[in-house]
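Asker: Sequence:
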Amino acid sequence: MTMRSLFDGALTMILYVLAFAAGTVFVRANYDLIEAHPLLVFFVGAVLAHQLYNLIPPIVVTINDRLLGVPDR
375 MTMRSLFDGA
385 LTMILYVLAF
395 AAGTVFVRAN
405 YDLIEAHPLL
415 VFFVGAVLAH
425 QLYNLIPPIV
435 VTINDRLLGV
445 PDR
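In the numbering used here, the protein residues as written are 375 to 447.
I should point out that these hints are in silico values taken from the structure, not numbers from a laboratory. Backbone N, C-alpha and C define an ideal beta-carbon position, used for all residues, glycine too. Hints may be right or wrong, so weigh each one.
Cβ pair distances, simulated, as ranges [said to hold, decoys possible]: (1) V399 <-> N428: 18 to 26 Å; (2) R402 <-> I433: 23 to 31 Å; (3) L442 <-> V391: 16 to 24 Å; (4) Y427 <-> V399: 12 to 20 Å; (5) G443 <-> F400: 17 to 25 Å; (6) H411 <-> V435: 14 to 22 Å; (7) F417 <-> L442: 33 to 41 Å; (8) R440 <-> V399: 23 to 31 Å; (9) Y427 <-> F381: 15 to 23 Å; (10) G383 <-> A420: 15 to 23 Å; (11) A403 <-> I433: 17 to 25 Å.
My request is simple: use the sequences and hints to build the entire structure.
Answerer: If you want it as structure tokens, here you go:
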């Protein structure tokens, strides 16, 4: 396992958690905290993370190429 693959995995998980957090913040901001059911918050966070599912891998590759350099092929 290379440093690049470890960095890929860590960065991918961080971006998924941030996408999930953005969905939960969206629900909390648009609904009263008392009215927002925890399952609604979880569901919207999961939906937002799923919608970003196809965007996160290219973002990770772009960030890795900038930070670690383009790998030899």
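Asker: It remains to establish, for every hint, whether it holds in the given structure.
Answerer: Results of checking the hints against the structure:
Look at V399 against N428: about 22 Å separates their beta carbons, and that is inside 18 to 26 Å. The given range of 23 to 31 Å is respected by R402 and I433, whose C-beta atoms sit roughly 25 Å from each other. Between L442 and V391 the CB atoms are about 21 Å apart, so this pair conforms to the stated range of 16 to 24 Å. A beta carbon spacing of about 19 Å between Y427 and V399 agrees with the range 12 to 20 Å that was offered as a hint.
Between G443 and F400 the C-beta distance comes to about 36 Å, which lies outside the given range of 17 to 25 Å. Taking the beta carbon of each, H411 and V435 are about 37 Å apart, not inside 14 to 22 Å as hinted. Between F417 and L442 the C-beta distance comes to about 36 Å, which sits within the given range of 33 to 41 Å. At roughly 27 Å, the beta carbons of R440 and V399 sit within the given window of 23 to 31 Å.
Restraint check, Y427 to F381: a C-beta distance of roughly 19 Å satisfies the suggested window 15 to 23 Å. Checked against the hint of 15 to 23 Å, the C-beta distance between G383 and A420 comes to roughly 20 Å, which is consistent with it. Range check, A403 to I433: Cβ separation about 24 Å, and the 17 to 25 Å hint holds.
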